[in-house]
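Chemist: Listed below are the residues making up each chain.
Protein chains: 4
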Amino acid sequence: MTDERRNLARRAPASYGKPAGEGLRARLFEIIFESDTPAGRRFDKALIVVILLSILVVVLESVPSIGARYAATMHVLEWGFTLLFTAEYIARLACVRRPLRYATSFFGVVDLVSVLPTYVSLLVPGSAVLLDIRILRLLRVFRIFKLTLYVEEYTRLGHALAASRRKIMVFLSVVLMAIVVLGTLMYVVEGPENGFTSIPMAMYWATVTMTTVGYGDITPHTHLGKAIASCMMLLGWGILAVPTGIVTAEMTSQRLGRRGPRTPERGCPGCGSTGHDPRARFCKDCGAALSPPSDPAA
Amino acid sequence: MTDERRNLARRAPASYGKPAGEGLRARLFEIIFESDTPAGRRFDKALIVVILLSILVVVLESVPSIGARYAATMHVLEWGFTLLFTAEYIARLACVRRPLRYATSFFGVVDLVSVLPTYVSLLVPGSAVLLDIRILRLLRVFRIFKLTLYVEEYTRLGHALAASRRKIMVFLSVVLMAIVVLGTLMYVVEGPENGFTSIPMAMYWATVTMTTVGYGDITPHTHLGKAIASCMMLLGWGILAVPTGIVTAEMTSQRLGRRGPRTPERGCPGCGSTGHDPRARFCKDCGAALSPPSDPAA
Amino acid sequence: MTDERRNLARRAPASYGKPAGEGLRARLFEIIFESDTPAGRRFDKALIVVILLSILVVVLESVPSIGARYAATMHVLEWGFTLLFTAEYIARLACVRRPLRYATSFFGVVDLVSVLPTYVSLLVPGSAVLLDIRILRLLRVFRIFKLTLYVEEYTRLGHALAASRRKIMVFLSVVLMAIVVLGTLMYVVEGPENGFTSIPMAMYWATVTMTTVGYGDITPHTHLGKAIASCMMLLGWGILAVPTGIVTAEMTSQRLGRRGPRTPERGCPGCGSTGHDPRARFCKDCGAALSPPSDPAA
Amino acid sequence: MTDERRNLARRAPASYGKPAGEGLRARLFEIIFESDTPAGRRFDKALIVVILLSILVVVLESVPSIGARYAATMHVLEWGFTLLFTAEYIARLACVRRPLRYATSFFGVVDLVSVLPTYVSLLVPGSAVLLDIRILRLLRVFRIFKLTLYVEEYTRLGHALAASRRKIMVFLSVVLMAIVVLGTLMYVVEGPENGFTSIPMAMYWATVTMTTVGYGDITPHTHLGKAIASCMMLLGWGILAVPTGIVTAEMTSQRLGRRGPRTPERGCPGCGSTGHDPRARFCKDCGAALSPPSDPAA
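Order-wise, the sequence lines are chains A, B, C and D.
Be aware that the first sequence starts at 40, since it is given in our numbering, and climbs by one per residue.
Be aware that the second sequence starts at 40, since it is given in our numbering, and climbs by one per residue.
Be aware that the third sequence starts at 40, since it is given in our numbering, and climbs by one per residue.
Be aware that the fourth sequence starts at 40, since it is given in our numbering, and climbs by one per residue.
Chain A on its own, in the form it takes in the complex (with noise of 0.2 Å):
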């Protein structure tokens, strides 16, 4: 596992390109972007801290109460975390190889938009809304996570969710199609005088009724109404039973260590196919001896 972690954390960073020798740059490439050194984890340590302090400062500042009467502190600390993150956004770009490579990466759009709505704030009077794009910065927390600690769980959820795409697609189109019928068919049923004002508007609540959220906003008042909101709420906790399954069909079989990405597939050297049982000894499509079976505990 550890060869992997170090493959994926290797990998990332290195397409924006690793300084090569052991200068200045090269030793900042280290710090900022890998987590194998010490110096690498204490950064990203401190970095995860400075941005949930940031995003805290932003959270607590829409508060009221609180937005007023700290106004001018949580105005300095909001500029001090906006050199910060500009300071680290150089830096970044400085030590890599291909530094637009970098800028137009996922990760180094998110660090322009942390930094830039405080400057923009600055310049454009009255833009005050886009303050809480800052909110974006969360977003940072992934790359480090994606690093360091938890990179492997990450990596088996989203092999999981992943070899369940084309169900969760099926899935997906299934419920958006009953939201648009069983929504409209309210929309004639209960009319606008019962809350249904138009066909969108009955989809809203499709999907709060579907999802068992039920705000309860906007109510069937109808008898007829209520039956097939009745049945609509059945139809969908079952359809609702079926990500639940897929996910955790797709969890187990990895946890039995079947199938998952991890055991290597066997080829059949006589005509190629896969699939092959984990203990199987023999072809089961030509009868060819295969390779005898990896341990299934490694």
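Misleading hints may appear alongside valid ones.
Stated by the list, open to error - The following residues of chain A were derived to be distant from chain C, with all beta-carbon distances above 10 Å:
| # | residue |
| --- | --- |
| 1 | Arg66 |
| 2 | Lys84 |
| 3 | Val89 |
| 4 | Tyr109 |
| 5 | Ala130 |
| 6 | Val152 |
| 7 | Ala217 |
| 8 | Val227 |
| 9 | Val252 |
| 10 | Leu274 |
| 11 | Ile278 |
Stated by the list, open to error - According to the in silico footprint, chain B covers these stretches of chain C (three or more CB under 8 Å from chain B):
| # | region |
| --- | --- |
| 12 | 108-122 |
| 13 | 174-181 |
| 14 | 242-249 |
| 15 | 252-260 |
Please keep in mind that the hints were generated in silico from the structure rather than gathered at the bench.
From the three backbone atoms N, C-alpha and C, an ideal C-beta is built for every residue, glycine too.
Knowing the structure of chain A, use the given hints to seat chains B, C and D on it.
Modeler: Chains B, C and D alone, transformed into the frame defined by chain A:
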């Protein structure tokens, strides 16, 4: 799998009858009903786009502000879509060998219902409500899905549900019984003065509660009622864990490549071992030829 | 399976005692209590229809508009059903060998309770509320289900739940404890002025929240209360994932044909230990040879 | 299992130190802290009943109508329970070898906190709110559960959760991130005039929505807000399918008697076969002696 998909794609429209030979009708049939040829695939993609656009028009028309302002544009677009779908319907009728069988098939009826409301609204004034039936056009997307991309996943999900048919029936009967009995209990306990105006109303409330939707339009007001409702919620959650369990168990066992107790297990004639892949042709333990696999699509 | 079903079908009524010989009483017993003969099956089907119709009358009677308009018709229908069920009850009493044992059995009591309310309402004026007890007639449908069609699925679902009995008890005790402790916490934090008028009321709210029903009749108003409630929702979801896990794990392992109740447990002839792998040939505890594994596909 | 249970029962109180010999203190220790002897079991059962009764008094006292009418009775009962628990606390202190270690242990603190509020309320007037801390007495039931009946199931459920610790951490971090980012988005879109008065308030709403609780105290009012909320519900359901998947996968693999990839698989020295029962001592395929099983309790 490709074989199975091709079979499935051919079987359904085949019942309407593909015209013999290589004439114009046969070519038209290939384009409209099948998706094996490039032209057929292009037709399918175009049809999906047109259907989704026409659904968008129906949905937007229902929004008061949009429907009023762009009434004329909507009207023109609607007639455009209707004429297009009418032409398509006639083409479908023209190119099948058994037009009547197509016209009375599920998708034949949906195709007709998709265009009729617009014409009817022209003849019969005040039938505007009927127009919303056009939303059923959405079902036509299923036909294309069925033929093309997601056929495999659809079939697999369908199998998982079909295999659990009896379990789901049992589960539904228990849930309905609980809803009737507990709804009546709450009707007696709470009474009409607390919103439980009749047993059907109380059953609606019981459904809303046990599926954890919880609108809050009707809530228990007496102490006893609240106590019973609390038990129902816990019970409801327990009961509703069952469909998830059913679907998940089915999916997991499919995912693990094991069949249920119903599928006969093939034993190896050479060494007697079992647990072979459903499509295996040779024993995985000794390499002897197995009896031919039963048709998994049956 | 047929054997087991037949056994189950015979065992339950057998405790009331099937009359010996082939006389009229034995024939009646076969028709009323059993479902092996064509006449027995016809009787069961007719009984289900009558029960469901009588339930429908009870339900519709409670709707003010219908109950008032068709009062006379309902009255007549109700007496018809009551007399029919009374006749059936007497017939059941008459044809069993131990009438008292039948009368005190679960279904015997349900049968009596199904007809009593109508007679009582005749004698005691103002006992209209009692009439709703008739809804328990619905439970009688279970008897027929039990004997016939879905017996296998019912037993399997029942086994899955029974096998998880202890796990469910543990889970319930944890949930109840969380409801009591967290409800009290919210009662202290929010207080009577925000709707949390007493600890039982707060426990009701905690149940509504943790089961994700969320009526919204009581909601937290203070900042601290909202923070605690948010944690409770996430916690609640986590806790409530457990029953799904329990039921699913049980079903999956039954579905995979492992350790299910169906596989006969092989005991070791040497040391008597059980729990051997279905394909094991030697005792895992003492190494003695086991009886050959039974065919897992059976 | 009996061994493991006995070990577990002895280990926990053993850290406080069972007095040596067979004197009065050792006998008291056995009764109060252990549940191996009949006297110990009787003590445990009596304690559970008393604890539940005292909880009932606390709960009922909070109901205005009951608390006012039976104030005197409640007061007497409360002092009775407090004196009883005080005596028990002193007895526990007296019979352990290391009283300080017991007093600072989790259950030692809970035992103290269970009796303190009543005394404090006597000394400090106006500390009535403090009295509700007595609800923590409920936690004491856990100690007894831990020692006795359900120890096995608790440990198994605990193992299942502990084994998924990292997965659950990853899941929680993703959920919290989604709540922060989507909450802020809705704060910007809906604004204070629609109830989203601050980012923390919007985060509360996001939690209520994504866990499908859906109180309805805050609901989106703008069209864009409703569209985003609909997506969040579907997304939320998808995300929340993950903990169910995690718990279920863990339980299923436990149920199937398979250990995770972490537990080393024992191969038979005779025939090399794997898949042995964790506690097997002999190979199930050839009967050769296996290496001793690793301690499953570790």
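Chemist: Indicate, hint by hint, whether the structure satisfies it.
Modeler: Comparing the hints with the structure gives:
For A/Arg66, the condition that its CB be more than 10 Å from all CB atoms of chain C holds, with the nearest at approximately 42 Å. Every CB of chain C is more than 10 Å from the CB of A/Lys84 (nearest about 25 Å), matching its label as outside the interface. Listed as outside the interface, A/Val89 is consistent with that label: its C-beta sits roughly 24 Å from the nearest C-beta of chain C, beyond the 10 Å cut-off. Against the 10 Å criterion, A/Tyr109 stays outside the reach of chain C, whose nearest CB is about 16 Å from its own CB.
Every Cβ of chain C is farther than 10 Å from the Cβ of A/Ala130; the closest lies at roughly 37 Å, confirming the non-interface assignment. The claim that A/Val152 lies off the interface holds: its Cβ sits roughly 27 Å from the closest Cβ of chain C, which is beyond the 10 Å cut-off. For A/Ala217, the non-interface assignment is confirmed: its Cβ lies about 21 Å from the closest Cβ of chain C, beyond the 10 Å cut-off. For A/Val227, the shortest C-beta to C-beta distance to chain C comes to about 23 Å, beyond the 10 Å cut-off, and the non-interface label holds.
With a cut of 10 Å on Cβ distances, A/Val252 falls inside the contact zone with chain C, its closest approach being about 8 Å. Listed as outside the interface, A/Leu274 is consistent with that label: its C-beta sits roughly 18 Å from the nearest C-beta of chain C, beyond the 10 Å cut-off. With a cut of 10 Å on Cβ distances, A/Ile278 stays outside the contact zone with chain C, its closest approach being about 16 Å. Only residues whose C-beta sits within less than 8 Å of a C-beta in chain B count toward coverage, and the region 108-122 of chain C has 0 of them, not enough to reach three; the restraint is violated.
Given a C-beta distance limit of less than 8 Å, the hint that chain B covers the region 174-181 of chain C holds, as 6 residues qualify and 3 suffice. For the region 242-249 of chain C, the stated coverage by chain B holds: 4 residues have a C-beta nearer than 8 Å to a C-beta of that chain, and at least 3 were required. With 5 residues having a beta carbon nearer than 8 Å to a beta carbon of chain B, the region 252-260 of chain C meets the requirement of three or more and the stated coverage holds.
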